[in-house]
Structure formats: structure tokens, C-alpha cells
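Asks: We have chain A already, so just place chain B on it with the hints.
As given, the protein sequences belong to chains A and B, one line each in that order. Be aware that the first sequence starts at 0, since it is given in numbering that gives the first Met the number 0, and climbs by one per residue. Be aware that the second sequence starts at 0, since it is given in numbering that gives the first Met the number 0, and climbs by one per residue.
Simulated from the structure, these hints should not be mistaken for lab results. Mixed in with the good hints, there may be bad ones.
[To be verified] Derived list of chain B stretches under chain A, where covered just means 3 residues or more per stretch with a C-beta under 8 angstroms from a C-beta of chain A:
1) 158-170
2) 201-209
[Unchecked claim] Which bits of chain A does chain B cover? Going by a derived footprint, with three or more residues having C-beta under 8 angstroms, they are:
3) 120-126
4) 157-164
[Said to hold, decoys possible] Some residues of chain A that are not near chain B, with every Cβ distance over 12 angstroms (derived):
5) Ala72
6) Arg113
7) Arg115
8) His138
9) Asp141
10) Leu211
We treat Cβ as the ideally placed atom computed from N, Cα and C, and that holds for glycine.
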Amino acid sequence: MLPLRPALLLLLLGLTLTACRADVQPAQAPAAAAVPVRADAPAAPDLADLPEASLYVLDAPWTDQEGQTVRLASFRGRPVLMAMIFTHCGFACPTIVREMKQVTAGLSEAEQARVRYVLVSMDPERDTPEVLARYARAHGLDPAQWTLLRGDAQHVRVLANLLDVTYRREADGQFSHANLITLLDAEGTVVRRQEGLGTAPDETTAALRTLLAAR
Amino acid sequence: MTARSLRLLCRAALGLLLCVAVAAAALQPSGTAQRPPEGMALIPGGRYTPLYSSPTDTQAVAVAPFYLDTHPVTNAEFLAFVRAHPTWRRSQVRRLFADDRYLQHWPGDLDFGPDSLGSRPVVNVSWFAADAYAAWRGKRLPTTAEWELAARAGRRQPTQAEDPELTRRILDWYGRPMPGVLPAVGSTFRNYWGIYDLHGLVWEWVLDFNSAVVTGESRNNTDLDRTLFCGSGAVGASSFDDYAAFIRFAFRSGLEADYTVPNLGFRCAMDAPAAARRTSSNPTS
Chain A
0 MLPLRPALLL
10 LLLGLTLTAC
20 RADVQPAQAP
30 AAAAVPVRAD
40 APAAPDLADL
50 PEASLYVLDA
60 PWTDQEGQTV
70 RLASFRGRPV
80 LMAMIFTHCG
90 FACPTIVREM
100 KQVTAGLSEA
110 EQARVRYVLV
120 SMDPERDTPE
130 VLARYARAHG
140 LDPAQWTLLR
150 GDAQHVRVLA
160 NLLDVTYRRE
170 ADGQFSHANL
180 ITLLDAEGTV
190 VRRQEGLGTA
200 PDETTAALRT
210 LLAAR
Chain B
0 MTARSLRLLC
10 RAALGLLLCV
20 AVAAAALQPS
30 GTAQRPPEGM
40 ALIPGGRYTP
50 LYSSPTDTQA
60 VAVAPFYLDT
70 HPVTNAEFLA
80 FVRAHPTWRR
90 SQVRRLFADD
100 RYLQHWPGDL
110 DFGPDSLGSR
120 PVVNVSWFAA
130 DAYAAWRGKR
140 LPTTAEWELA
150 ARAGRRQPTQ
160 AEDPELTRRI
170 LDWYGRPMPG
180 VLPAVGSTFR
190 NYWGIYDLHG
200 LVWEWVLDFN
210 SAVVTGESRN
220 NTDLDRTLFC
230 GSGAVGASSF
240 DDYAAFIRFA
250 FRSGLEADYT
260 VPNLGFRCAM
270 DAPAAARRTS
280 SNPTS
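Okay, chain A solo, but in the shape it has when bound (with noise of 0.2 angstroms):
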């Protein structure tokens, strides 16, 4: 004798299993455009009063060799030199970081010690804390002066943008990507391109020498 219990649980058991499929979320949460979308909220207070064209309204959060969070903003007050690049780039970007030094070769000692050098990772997925500072290790880069930045994805792609950056990851890892050393006044202005890579530096020099005398 059967009892008809046994075929009503199998029916709970059936639209239990109908209850646990999870609902599919339309869609994953979107990256967050880091330009300020939300930006008629309270700015930072140390952002409210960039010059118009400043380069630090752009308030991401990056971390540096040292793992430590840093913003844009952090570079006021002193003129900084500022390049994007990559660590496993052979060639071009060793020459980058070269000629960032050059920049600043002819300078005194005094004129040297107030400039700020900052390297942004196209590559985050590569490009860890661990691996900035051994890079910065291998190239001679004093953390005091020279800090390397990594960002998301979408960080990256708006400071590139800012700064008119073109660069694209190939299949293999590799990035192509222009070549450009730029010139931020202490407000995180852009002062001057220096494009490509055996440019003389002579004009980026000037510039840098009138922004320091500029204090």
C-alpha cells in the first residue's frame, strides 16, 4: 500500500527546486565612470579650487610602488613630470624614464629636489605594487621624487585621455602606445607635450625652469 505522501513531497521537491534557481541579475554592476558623474556632490575640499584645467579633478584612487593609496591631488604644490607607461615595455619606456631625467639633468641641485615624476601602469594587471618597486629599484628611481602608479582599468583610460594618451593592449600582453612626457604645473595643469621619444629636452627645461622660479 502506497501512501500519498511520498508523491506530494516529490512535488514540494520539484518547486523547491524551482524557488532555489537564483534570478539572473539583468546585468553585472557597471564599472563606475571615474570622470565625476556625481560630481555636484561636495567636492573634496582640496579639489574644490583647481584651476579649470587641472588634471586632479580627477579623484581615483591610485596605489603606488609602496601599496600606498595615493590621489593626483597629493602632487600639488610642486611641478611634476608625468608619463604613462609599462613595465615589460622593452625599449620605449626605459627610454621614457631616461629622458624624464634629462628633463631635470641641467637643473641645480635645489631646482632637481622640487620636481615630482610620476609613471602611470597602462598595464594594472601586470603591473602590482611588488613590480613597480622593482622596477623602480632597477631603473635608480628615489621613492622620494619618483612614484609609479597603478589604477583599474577605467582610471587608466580617463587619465589617458586626459593626458591625449593613445595606447592599446595587444594579444600578447604588449601594449602599443604613444610616447609623451608631460609637463603639470603645481595645480596639475598641463604646461607642455614633449612627444616621441630622442626629442631634446631643451624646451621641456625652460618651462619647468619658469615654473620653479614661479615659487
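Replies: Quick look at chain B alone, frame taken from chain A:
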């Protein structure tokens, strides 16, 4: 076996069958059960061969399934955005994020003109503005690969190969001067995936437009200015067969993120969950 126990056995069997059927329906992935967000359609995954790629990288790029807006963003929709975010209004936007022709076709900060213009594609918006709008909507800009994959579709087929008349019409559009007033969204053809206006209305921003690194005027790679670009010394065009795609590539290469252009608009995209992947044939190159 008694009649009673036979009846109960049948009842149990029916119950079991019912449960199995219900469970099977519940656990089976069903494309129709996961509807795209409103105003968007699913583009199944596929492979896309970038126009310019390095010789070491001749494979097509895999594109995961994604949702794409069926229409470009309109003046009315963009108005809602700048209402909500005053820093993106024409009189307030930072010059860093949009040049001085931003929304120049609007009579005012919060006025796109007569009501009939509400359904036209918004133009004169920079990449930064388009990106911010997309984030406000919980979406993002489509990548070049995604956009081109969607745009490959014909009217009734996943590719335009069977529709040479369409290919001609697309090229014709590139040759025509821009109309004084842009037509409303949805006024050009609806493609196989249910997407309108990928051709014949406005150019559109993509997320990674700045990866369209043009390698120089000459086709001969040895003439490249190698010092300006790292890596691009090795890239070359994969195919000039799709001339319209080449035109779009060239157009994107000339853009900068703060540019606003009277016939450059955009639409949004979103990642789609893996379960939405259709098992039916995807377009292949």
C-alpha cells in the same frame, strides 16, 4: 496488487513526473527568461578581427555577450542627465571634459529646443560626457569590438554579406553631407539583433576609441615614426575589405576625448550574464 494501491502508484508516478518536469524547466537555462534591460537588446558573443593588429596577433578577439542600447541616446535622455548633474550642464562643465562647442545645438543649459527634437540623437557631447552619462544609467560605453560586432549585422542576417545593397547604402551615407537637423532615433534600419541606427544616423563614441592608434600615412611600416609610438612599428591593417569599418577607424583615430562633434553621439552597453549566451550560431567573421 489491489486497485487501490495501483491508483496510489499512478498518483505517485504522476506526481514524480510533474516534479521532474517542473525541475527540468526550472534548471534549464532559457534565453527568453532573461530579458535584456529596457531599451537594450542582447548581442551574442562572437569573434572580431581588429582592423589594425600586430603580425604576432592575427587572431580575432573574442567578444563576450553583451547588451546594447537599441537606439542612440537622445536629447531628451541627455537632458534628464544634466538636470540631475549640474556640473555637466553647458554653462558649468569643465573645459577639460568638453570643448567649447559642447551641446551647442541646445538653446540653453536645460533646453534642447522644440519638443520634436527630444527624440533626436544627442550630439556635441565629449567622450567624458558620454562616459559620465553611461555611468549615471548604470551602464558603460561599448568597446570598439562590441560596437563593430553589433554593426556587422544586416537587416535579416547576422552579417551583411548577403546584403550588398545595404553595404552600398552605408558607404553612401559616409559620402553625404550632414543634414541640417538630424532625424529621430529609430528612423534608420533595424538590424538582425534589433538594434537601430548603427549606420546612417550619427557616428558613435566607443569606450576605447583611443586605442585606434594610427600608425602613419604610409602603408609601409618602415616609414613609421617609430619614436612617436611604441609597438605600433609592427602593426598593420588586417583587411581593407570592409571600407566602412576603415572609415570609422580613421574617424575614431582623429578624436580626442574632449572633442564635441555635430554628428557624433553615442549609445550605452552593459555586460550580459553568461547564462544569456545563446547556443544558436553566432556570427563568425
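Asks: If a hint holds in the structure, say so; if it does not, say that too.
Replies: Quick rundown of the hints versus the structure:
{"no.": "1", "hint": "158-170", "in the structure": "violated (count 0)"}
{"no.": "2", "hint": "201-209", "in the structure": "holds (count 3)"}
{"no.": "3", "hint": "120-126", "in the structure": "violated (count 0)"}
{"no.": "4", "hint": "157-164", "in the structure": "holds (count 6)"}
{"no.": "5", "hint": "Ala72", "in the structure": "14 angstroms, holds"}
{"no.": "6", "hint": "Arg113", "in the structure": "25 angstroms, holds"}
{"no.": "7", "hint": "Arg115", "in the structure": "21 angstroms, holds"}
{"no.": "8", "hint": "His138", "in the structure": "16 angstroms, holds"}
{"no.": "9", "hint": "Asp141", "in the structure": "25 angstroms, holds"}
{"no.": "10", "hint": "Leu211", "in the structure": "24 angstroms, holds"}
Hint check: violations occur at hints 1 and 3; the rest are consistent with the structure.
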